[in-house]
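In order, the protein sequences belong to chains C and V.
First residue of the first sequence: 1, per the numbering used here; consecutive thereafter.
First residue of the second sequence: 1, per the numbering used here; consecutive thereafter.
Keep in mind that the hints were calculated from the coordinates and are not lab data.
Incorrect hints may appear among the rest.
Not the full set, but computed from the structure, chain C residues with beta-carbon under 7 Å of chain V [as the list claims (entries may be wrong)]:
| no. | residue |
| --- | --- |
| 1 | Leu118 |
| 2 | Asn122 |
| 3 | Arg211 |
| 4 | Ala215 |
| 5 | Gly227 |
Some residues of chain C that are not near chain V, with every Cβ distance over 10 Å (derived) [as the list claims (entries may be wrong)]:
| no. | residue |
| --- | --- |
| 6 | Gly9 |
| 7 | Thr36 |
| 8 | Pro42 |
| 9 | Thr47 |
| 10 | Thr71 |
| 11 | Glu94 |
| 12 | Ala158 |
| 13 | Ala170 |
| 14 | Ala175 |
| 15 | Phe183 |
| 16 | Leu205 |
| 17 | Asp220 |
These numbers come from a predicted model, not from an experiment.
The beta carbon of each residue, even a glycine, is placed where N, CA and C say it ideally should be.
2 protein chains.
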Amino acid sequence: MRYAVLGTGVVGRTVAAKLASLGHEVVVGTRDPQATLARTEPDAMGTPPFAQWHQGNPGVRLASFADAAATADAVVNATSGAGALDALALAGAENLAGKVLLDIANPLDFSQGMPPSLDPVNTDSLGEQIQRAFPEARVVKTLNTMNSSVMVDPARVAGEHHVFVSGDDADAKKAAAELLASFGWPAGSVIDLGDITTARGTEMLLPIWLRLWGALGHADFNFHIQGARAGA
Amino acid sequence: MRYAVLGTGVVGRTVAAKLASLGHEVVVGTRDPQATLARTEPDAMGTPPFAQWHQGNPGVRLASFADAAATADAVVNATSGAGALDALALAGAENLAGKVLLDIANPLDFSQGMPPSLDPVNTDSLGEQIQRAFPEARVVKTLNTMNSSVMVDPARVAGEHHVFVSGDDADAKKAAAELLASFGWPAGSVIDLGDITTARGTEMLLPIWLRLWGALGHADFNFHIQGARAGA
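For reference, chain C alone in the conformation it holds in the complex:
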């Protein structure tokens, strides 16, 4: 499969490296590839420059959002939530039409101070916004409820735990579940919550996730729905 991973941050890098390790052809999309590669200093969060990561992952190509999406079979939105709609517009509706679009981002809003809040929230979600803006894309919201290291290596967290999928297209959700299986997620660990409006629920896990991160002092944890099996 040819994947476009939109976003050059830690989440995009982690997912791109995993996809490449599984034998997929991976292009990371960014607004301005030259600018992305020109950075030589860690960002405000301490993340090393993309060029440094790229040296260790030479099989992954860097391209514009549009170039990355044009040649892809499936697209992963790993941008910051606030930048997602702009990035996808640059990727181009025609390059998203008919394709599975995995939305793994969260609409974190840092404008109200720390900890971040969500925008949209409650009666809307980023997943829904993306599906409305790109009605021909087959959006599946998933993987947004955990740290990126756990997304691609669920065994980092011992014991059973869950990953959620939300979306309007049953076949797209099936494709997402297959990808999750290839990442190491057991079949029983995937909970299909329903249509894309259920992305509200998974995005709204972020506030407690952030507080748990603070309370526990590490990010190697995940939500497990105890009792899910009885009725699943």
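Given the coordinates of chain C, work out where chain V should sit on it, guided by the hints.
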């Protein structure tokens, strides 16, 4: 201990019955006790009238919000979220001052249609609203992330699972944890998220809880934070 349980719905009844079974003196508070007892039909949700439940729980007294709170050592807010601040105002700030106030309600907003949304949400919470409105009460948000039957009988859900506490008063949280232990919650199952602002995170679990309820077809489930122990 003398407990006031504010609210005559399923959650209030369930918690009142459990507290009474543990030997506590329990008064259920309502706006108008005569009106509450006069109802003979199930409500819109199919809940049997309070009088019927009361016949089976004769040791629990019914009183006005103020009467219930006045004689109590600790107060449980089991009203509907939308009615919580009004009910607590009727209970009286002077009757709440210095007391542990367990807020187990969620601010569900049915005005935007189904499924309900939350109001407040995101940058505020019902727990915080209550603490601001009654600064001398020692508010602990807890138990609001599960069905009421699980609140008082965690063994209904097999395996380990968690209950959260949020609040500004460490001694009040300790008292809450002791009450939770008496309900059957193992010590390791209580996660202290921090101050009362962390109630945003637990209230924001409700949207996915409602969707899981729909997807699983039953309410005997609960959140378990897998990996919590490693760093706890």
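Hints and how they fare:
1. The closest approach between the C-beta of C:Leu118 and any C-beta of chain V is roughly 6 Å, which is under the 7 Å cut-off, so the hint is satisfied.
2. At its closest, the beta carbon of C:Asn122 sits 5 Å from a beta carbon of chain V; the interface hint therefore holds under the 7 Å criterion.
3. At a threshold of 7 Å, the smallest CB-CB gap from C:Arg211 to chain V is about 5 Å, leaving the interface hint in force.
4. A hinted interface residue such as C:Ala215 counts as satisfied when its beta carbon comes closer than 7 Å to some beta carbon of chain V; here the least separation is about 6 Å, so the hint holds.
5. Given the 7 Å rule on beta carbons, the hint for C:Gly227 holds: about 3 Å separates it from the nearest Cβ of chain V.
6. No beta-carbon of chain V comes within 10 Å of the beta-carbon of C:Gly9; the shortest separation is about 23 Å.
7. With a cut of 10 Å on Cβ distances, C:Thr36 stays outside the contact zone with chain V, its closest approach being about 32 Å.
8. Even its closest Cβ contact with chain V, about 25 Å, leaves C:Pro42 beyond 10 Å, as expected for a residue assigned away from the interface.
9. Non-interface call for C:Thr47 relative to chain V: holds, since the shortest CB-CB distance, roughly 22 Å, exceeds 10 Å.
10. Consistency note on C:Thr71: stated as away from chain V, and its beta-carbon is indeed over 10 Å from all of that chain's, at 35 Å minimum.
11. Listed as outside the interface, C:Glu94 is consistent with that label: its C-beta sits roughly 33 Å from the nearest C-beta of chain V, beyond the 10 Å cut-off.
12. With a least CB separation of 7 Å from chain V, C:Ala158 falls inside the 10 Å interface cut-off, contrary to its annotation.
13. Non-interface status of C:Ala170 relative to chain V is upheld: no Cβ of that chain comes within 10 Å, the nearest being about 14 Å off.
14. With a closest Cβ-Cβ approach of about 20 Å to chain V, C:Ala175 is found to remain outside the 10 Å limit, as its non-interface label requires.
15. Every Cβ of chain V is farther than 10 Å from the Cβ of C:Phe183; the closest lies at roughly 16 Å, confirming the non-interface assignment.
16. Consistency note on C:Leu205: stated as away from chain V, yet its beta-carbon is not over 10 Å from all of that chain's, at 6 Å minimum.
17. Annotated as non-interface, C:Asp220 brings its C-beta within 10 Å of a C-beta of chain V; the closest such distance is 5 Å.
Of the numbered hints listed earlier, those contradicted by the structure are 12, 16, 17.
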